[in-house]
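> Those sequence lines, one after another, are chains A and U. Quick note on our numbering: the first sequence kicks off at -7 and runs consecutively. Quick note on our numbering: the second sequence kicks off at -7 and runs consecutively.
No lab work stands behind these hints, which were simulated from the structure alone. What you are looking at is a predicted structure, and each value in this text was computed from that prediction instead of being measured. Take these hints with a grain of salt, some might be off.
Since the list can't tell identical chains apart, any single copy or any two copies may satisfy a pair.
Stated by the list, open to error - Computed list of lysine to any residue pairs in SDA-like fashion (alpha-carbon distance at most 20 Å, straight line):
hint	residue 1	residue 2
1	Lys139	Gly22
2	Lys100	Leu50
3	Lys139	Ser30
4	Lys246	Gly151
5	Lys10	Gln52
Protein chains: 2
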Amino acid sequence: MKTLRDIGEDALIERLIKLVPQASGAAGPGDDCAVMDSGNGWLQLLKTDALVENIHYLPQAAPRAVGWKSIARVISDFAAMGGMPEHFLVTLALPPTLEISWVEDFYKGIGDCLETFGATLAGGETSSVPAGSSAVISIAATGSVRKEHLILRSTGKPGQTILVTGTLGGSITGKHLDFTPRINEAAWLVRHFKPSAMMDLSDGLGKDLPRLAAASQVGFILDEKALPLSSGCTPAQAIGDGEDFELLLTMEAKRVSALLEAWPTVFPDLPLTPIGHLVAPGEGQSLQGGWEHFS
Amino acid sequence: MKTLRDIGEDALIERLIKLVPQASGAAGPGDDCAVMDSGNGWLQLLKTDALVENIHYLPQAAPRAVGWKSIARVISDFAAMGGMPEHFLVTLALPPTLEISWVEDFYKGIGDCLETFGATLAGGETSSVPAGSSAVISIAATGSVRKEHLILRSTGKPGQTILVTGTLGGSITGKHLDFTPRINEAAWLVRHFKPSAMMDLSDGLGKDLPRLAAASQVGFILDEKALPLSSGCTPAQAIGDGEDFELLLTMEAKRVSALLEAWPTVFPDLPLTPIGHLVAPGEGQSLQGGWEHFS
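Modelling step: build the complete structure from the supplied sequences, incorporating the hints.
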C-alpha cells in the first residue's frame, strides 16, 4: 500500500482536489491563499496553516515566540497575494498535561503579532490529543485585497527577472521563530512596482521557486552566485533550509533598475536582490533541496 | 504548575480571550460561530473545529465517514446560528506512514458532505506529525446569514420553553459518524418560528444547556421525563453522551403550541420536543455529565 511518504505533499494535494467540489474563486488551489470575490472591488482571502510540535517547533521553544510564529506565517501568505490580514481563528489540539502558563504565553505571542499587523482574533476551538501525541496548532484567517492589487504565483512570464527580499538560509538558528512577515513591503510593491507573480518562501527556494515556475508554466535559471546569503550560510543552505518567509517575486526586466533604485529609499534595511530569470517552459534548470512534509 | 486537565476547556478559553485583540463582531467568543458584518444586510460566519484521532474517531473508523463528520460538525454550527455554509478550508496533520487510500477516502467523505449541503472547498494545508502521534484534522469555514435571521445562544429569557430536535444519547454506536446537520430545520425555524436562542448539541445536553443558560444569564429547569431518548438509552446517557448534533433552542411559551403543530407537517420524521424552561438567574438547577475536553 502506498503511503504519504511515498508521494509527498504536492502530489497528494493534486490527487485530493479532484475528489471534492471546488470553490470558483479567483485563484485555484496551490496559491498562497484562496481568493473569493466580495463583489465590490474587493476580494476576500482565506488561508489555513498548521504548526506541529517537534516538526515546526520544539517543546522547549518559548511559547510566546511559537504564538508569534503561528500568526506571522499566515500574515506572510496574505503579503504574498498583495493583501492584508483581518480575522483569525485559532484551533488548538493539546495534551491535557500541558501547563496553563504555556498556553497563556502562547496566546500573548498571538496577541503581539495580531496587534503589530492590525488583525484580530474572531474565535477558536480547543481539543485534547492523547498522551504522548504532539500538539497541533492550526490557524485559519480571512484577509482582503483590492482586485487590482491581487498577485498570483501563476502569472510569471519568460524573460522576467526573479527577485527575493532579505537574506536566505539558516532560519533554524532563530529567525524561524521571530521573523517579520513582509506585509509592508508587499503593500508598497503592489502600489508602485506590481510584481508579475509573487509567493512567500516557506519551504525554501529549492521547493518554492519550482512551484512558482510550474504554476506559471515556465522554466527558470537561478544565478546561485547572486543569492543573498544569511550570515554564515552556504548557497545550498540558502536554497534548502526553508522558513525564510521572504517574498519571491518576478518582474518585467525593464522595470527592475527603477525598482532597485526606489527600494532602498523606502526599505533601507532590507535587501532586494535579483537572483535569476524565468525562461520558456521546458528550458532552464531544476533545483534540489527544500522542505518535504512527509519525508 | 496547573495543567489544562486542572481547569478544563471553558475556563481556559475565558483566560485566553483576555490576552489578544478581539474582533468587534456581532457575537462574542463562546457562540457557535464568530459573526462579522458584511455591510449589506448579510453577516459572515466564521468557524473552526478539530477532529483528533483516538479522541473523535478511531483509526479503524471508515475514512469516508470521518470525512463526512469533519464537515457535518461545522455545518451543524452554521445551522445553530440560523446560517448557511459557504467555503471550507481543510488542514491535515497526518503521520507519513498513513496510506494514501485513507486520505483519498476521507476526502470523498468531505466531498459527499460539501455537495449535500451546497458548500465548496476553498483550500487547505497538509503537514506531517511525528511517528506515533495522533492525526489531527482541522476544518475552518465561512458561512453567511441575513442579519434578521441570526440567532445567538445568549438571548434566552426566563419563562421561555426549551426544545430539542431529534433524540438524544448513544451517538457512539454510529450516529456520531453519519449524522445529518439540522441546516434545513434551522432555516425553516428562523423564517417561521424564530427561536429566542439556539445552539447545537455537540458536548451533550449536560454541558451545552448550562452553556446556553450562562450565556443568556438565566437559569433552567429540565424535565428529565420529557427527554426524547435514542433507542436503548437512559436519561443519563441522553444528558451525558454528547455528539448528538441536534438543535437546542428556546422560544416564547405562547408560540410553542403553534410551532409543535406546524413542525410535523414540514419535518414528519424528526421529533421536536419541549424539555424544560428557562428561569430567573440564580434559580433552577444544575446538570452533571457531558464531554470535558481535557479530563
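> The structure should be examined with respect to each hint, and the outcome stated for every one.
Structure-based check of all given hints:
1. Lys139 / Gly22: So Lys139 and Gly22 pass the 20 Å test inside one copy only (19 Å; across, 34 Å).
2. Lys100 / Leu50: within (18 Å within a copy, 34 Å between copies)
3. Lys139 / Ser30: For Lys139 and Ser30, both the intra-copy (10 Å) and inter-copy (17 Å) Cα distances are at most 20 Å.
4. Lys246 / Gly151: Within one copy only: 10 Å inside, 74 Å across.
5. Lys10 / Gln52: For Lys10 and Gln52, the Cα distance exceeds 20 Å both inside one copy (40 Å) and across copies (25 Å).
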